[in-house]
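Model the full assembly from the supplied sequences, consistent with the hints where possible.
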Amino acid sequence: MEKNISFKLKIWRQRGPKEKGQFKVYEMKDIPTDTSFLEMLDILNEQLINAGEEPVVFDHDCREGICGMCSLYINGHPHGPATGATTCQLYMRRFKDGETITVEPWRSAGFPVIRDLMVDRRAYDKIMQAGGYVSINTGGVPDANAIPISKEKADLAMDAASCIGCGACVAACKNGSAMLFVSAKVSQLALLPQGQVEAARRAKAMLSKMDELGFGNCTNTRACEAECPKCISISNIARLNREFIAAKLSD
Amino acid sequence: MWLIDSSIGRKVVMSVTGAALILFLTFHMAMNCVALISGEAYNVICEFLGANWYALVGTAGLAVLMVLHFVFAFWLTIQNRKARGNVRYAVSERPKSVEWASQNMLVLGIIVFVGLLVHFANFWSKMQLQEIIHGTNFVAGQNGPTDGAFLIQYTFSQWYYVVVYTVWLAALWFHLSHGFWSMFQTVGWSGSKWQRRWQVIGNIYVTLVILGFLSVVYFYFFKSLC
Amino acid sequence: MATIDSKIPEGPLAEKWSNYKAHQKLVNPANKRKLDIIVVGSGLAGASAAATLGDLGFKVKCFCIQDSPRRAHSIAAQGGINAAKNYQNDGDSVYRLFYDTIKGGDYRSREANVYRLAEVSNNIIDQCVAQGVPFAREYGGTLANRSFGGAQVSRTFYARGQTGQQLLLGAYSALSYQVHQGNVELFTRCEMLDLVMIKDDEGKERARGIIYRDLVTGEIKRCSAHAVVIGTGGYGNTYFLSTNAMGSNGSAAMQCYRKGAWFANPAFAQIHPTCIPVHGDKQSKLTLMSESLRNDGRIWVPKKLEDAKKLQAGELNPNDIPDEDRDFYLERRYPAFGNLVPRDVASRAAKERCDKGYGVNNTGLAVFLDFKYAIQRLGKQAVADKYGNLFDMCEEITDVNPYENPMMIFPAIHYTMGGIWVDYELQTSIPGLFAIGECNFSDHGANRLGASALMQGLADGYFVLPYTIQNYLADQIQVPRFSTDLPEFDAAEKAVKEKIAKIMSINGKRSVDSIHKELGHIMWEYVGMGRTKESLETALKKLDEVEKTFWSDLRVPGDAQTLNVELEKALRLLDFIEIGKLMAYDGLNREESCGGHFREEHQTPEGEALRHDDKFSYVACWNYQGEGKAPELLKEPLNYEYIKVQTRNYKN
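Heads up: the protein sequence lines correspond to chains A, B and C, in order. Using my numbering, read the first sequence as starting at 1 and increasing by one per residue. Using my numbering, read the second sequence as starting at 252 and increasing by one per residue. Using my numbering, read the third sequence as starting at 478 and increasing by one per residue.
Hint data in this document are derived by calculation from the structure and do not stem from the laboratory. For every residue, glycine included, the Cβ atom is placed at its ideal position computed from N, Cα and C. It is possible that part of the hints are untrue.
Some chain A residues near chain C, calculated using beta-carbon distances under 8 Å [to be verified]:
#, residue
1, E27
2, A157
3, S162
4, G165
5, A200
Following this line, the structure appears as C-alpha cells:
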C-alpha cells in the first residue's frame, strides 16, 4: 500500500559524447511508492530547475511500456530490477527506504551517450534499413486471407515482433551484441510466408550491417533474454543463426 | 569468407572446433578409463597410438583445432570488449538465468590452457614427444615412451598434481557446461524447447566426461596411499 | 468571409472515390524525382505516407522528434484496427462501417470522406498482412476478429494488445525500405518550429518548407519542398494528464494555424472511459486500459450510496457487495450495446455516476470494471490468454490484482477529433499544405469509434494522400527546387529565433511542467467532460492568466544553442495554451451537445447528449486573426445525402 520513502539517487551526468561523465548524488525525500520511476525523475528535475540547475536528460515518451524510448540502467539492470517491464513501468514500491539507487545510461560503443542518460540508438534504424522489411510497394498485394498462416506460426512471429527496439539487449550484453534485436526482426519475417521470399537476403544484410556498426559477437550468455522488457527468447537467435548459415551455405 | 568476416561465422568456427575438442575429450576419457581396469591394457592403447602416422595426423589436427579455438576466442573477446565501449557499468548484477560460466568463458579457457601445459609436461613430453625426437628423457621408472600407465601412477601419487588436475577439470567442466549447449545454439540447432534440452543433455554428458577423468586421478591417488 | 470548398467529387457516394481517382491529375515518374515533399511526423499516417510517396518516386524528407520513427505514439494503440472485410460473415459491409462511423461521430463528419475511409479499410489489412504484420489468426489460418465499441459486428483486426505497435512497425519497415532505396531521408530528433510559405508567380502563397530545430545540437535549420505534409497527431496533452505520450504535442498544427490553415472543431476531444484513475499530483500520464476489456468486463458501481461511501473510505471490499446491490449502469441504460457503447457515452455515464457520489475509490472518481463474471464464464486461463498483459500492466501500476479484485477505471483525455481543416484531398486551406491522421479533423466527427484511429491514419497515409497530393503536384512540375536562402526562410527563421530568445530571457521561477499542470487543471475542470457557457468563459479568462504566468514566471535553465529539453517543452506549452483557448472558443460557439463535446445546458431529460442539427450541422473552422485576437469562425455546412440524421440510440 502507499507510503513514502527516501533514498539517494546516484546519477550519471555527462554533457556530451566526447566529454567525460561522472556520477552525481541527489537526496530524494518522501517519494510516494506509487510514483513511477520516471515520475520520480520528474520530481528530481523539478527540484533541479527550482534550484537553477539543468535537469537530468533522459529519454522517455509513451510511459506505458511500448514505444521503447525509455532506457536507464538501474541498480545493475537495464530497465531496473523488474522483469518483463520497461523503466517507465517501474514503480517506486520496488525500492527500499534508505537505499542508494544507481542510474546509468546504456553503455555500449554502438550507443554513444548524447547527454546524461540519453543515448544515440540510431544504429538500430540503420540495421532495419539494411533489410528489416518485406520489399513490397503500397498496393497490389493479395487479399489478407489469401495465404493461410497457422496460428502457431503467427503467434511465434508475434512473440518476436513484440520487440520495442529499446536497446536493453545491447545494454545487458557484456559483448555489446545486438543479436536479440536483429534475430527478433529476422525471425518475425522468416516465420511468415510473406517474409520467407527474401529471408536469406534479409538475414545476411541485417547481420552484416550489425557487424559493420561495431556491435559485438553473441556468446550465448542469455543476459539479453533475461533483461528484455518484452521477454524475447534467444530461440530467435538460434533461428537467425540457422537462417544465416543456410543462406551462406547456399551462396 | 563468412567464417571470418561475419560474427555468426566466427562463432561457427568456435562451435565446430569446440565440438571436435569435446569429441576428442570423450575419446581421451574413454581411453583413460581403461587404466582403471588394467595398466597393461592402457599401455597397449598407448602403443597403438604412439607416434604412428595416424596419431601424428590426429595430433596435428587437434593442435590446429585448438589453435583456431584459442585465436578466435581472443579475437572475439577483443572485438566484444571494443563493442562494449570504454566506460564500464558502476553497478552490474547478473540475472538469475545467466550462468556464471557463460560470462567467464575466456578466463575458464585460459585456466584450461594452463592446465593443458602442465598436462603436456607430465605426459605428452615424456611420451609422444620422446618418440618423435627419439629422445630418452623419461621419468625414473618409466618403461619407454608408451608406458602411460606408469606415468599415471607416478603423477597422481603426488598430492599437488591431484589438486592441480582437480582444479583444471573443474574449470573444464564449467567451460563445457556452457560450451555444449552453446555450440548447438550457434549453429542454429536449437529453439525454445531444445535450448533447455541441450542444456540438460550437456550437463549430464559433460559431468560424465569429467567424472571419467577424475576417477582415474583419484583411483591412482588413493591407490598410492594404500 | 472565405468560402469553403471541400472539393467533394461528383457522383453517387459509393463511386466518388473511384471517380476522383479516375479523373485526378497524376505526375509522371520522371517528374516525381524532381519533386520534394516534407512529411512531418512518423506515426501511422506520417510513416505510411512517407513510405508510399517514396515508393511512388517522390523525394521525401521525413521528420520526427523521437530518436527513431518507430517511437511515434501510434505505437501505443492497443485494441485493433477496423476494416469492412466481413470475414466473420456477420453482415458487415463498407456501407455499415461507413454508417457506424458517421453515427459514432454523432453526425458531425463528412459523408464522402467517411465513405472513402470505409472503402479503403480493406486495402489496409491486405497491405499490412503483406508487410508481415502478425495479426491474430484462427487455427484454420485465417485472420481473427474481435468486436469493439459502437459496432454490432466483429470487424476489428488485432495483434494481441499491441495492434498499434505492429501496424506502426509495418509502416516503419516500409519507410526503412524506402530509406534504403534512397527515396526518403530521415530527420530524427528534429522538431518543426514553423511553416514557410512562398508566393508563386501569381502571388498565391504556398507551403514550401519548414524551419526546424535539431534537438541534439539546438541548431535552427531550414528545409524546402514542393509540398508539406503534417501528420503530427493530436493535442490531447493540452490537458497535461492524458493517455498521449509525453512528447505528443499540437505545435506543428498550431504553426500551420498561425500561417492561415483553419483549425476545425477543436472542442471535439475524446475522453476514453477505461483509463487507470489518477493517483496523485506527481502523476505524469494516464495509462489506458484497452477498450477490448469491455468485451468481457462488466462496468458497475454500487446501487447503494452508503456502499459507495464505504468503498471511498476503504472500509469495504468490492467483492463483498452482492450482485443485486451492483448497478451495471451501462447495461441498465443501454441494453442493446451494454458495456460496448461508444466511448463518449461510456465516459459520460461514468461521470454521471461519480457526480452523484457513487465513485468507488478514495477520490470518488472511479468505477469498477469487473472480470469476475468473465472468469466464471470462460475460466481464468481463457481470460489470462486474452487480457493477461493488460492485467499485469494494471497490477504493476495499481498494486491490485484484477483477477481477484475488480479493476478501477475512470475516463481520461485520449484522442482529439478536431484538427487542421482539410478538404477531400486532405489539403488544408493553405495550398501545398496537407494534414493527415489525427492531426486533421476529417473523419471522426464529434466522436471516434474504437479501432478507427489506426484505420484513418493508415488510410490517409497509404491510400488517400499519395493520390490526392499528385493532383496538387501535377501543376508544380515546372517549379524548380527551392533554395533555403530565400528571404521567406530568413524571415521565418528570424521569428523563431526571436521567440526562443524571448522565452530564454524570461528567467522566472517556475518550471514548464508546473505551468502545464496548471493549464491541465483548468482544461479538465472547465473544458472537460461537461461544459457550460460559464465554465468555458472562465476557462478563457484563466487561460489568459496562464499565458501571463508563462511570459512572466517561466524558467528555462541551460542554453538554447544545445540540447535543451525544457526549451522544447516550453515551446510546446505555449501552443497548448493557444489550443486551450481555441477549444474554449469552439465549445462556447457550439451550443449543443454532440459526441465528445457535452454542453450541460443541452441534454435530454435522461441526460443524453442533445444535438441541434438545425443550427450546428456544420464544421466550425477557426481562422487565425493575429496574436491576442479572437479567431474568426468559418462554417462548412455538413450535408447528409445518404444517411438519415437521427438521434444516436444505443438503447435498442
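- Task: May I ask which of the numbered hints given earlier this structure violates, with the numbers listed in increasing order?
- Result: 1, 5
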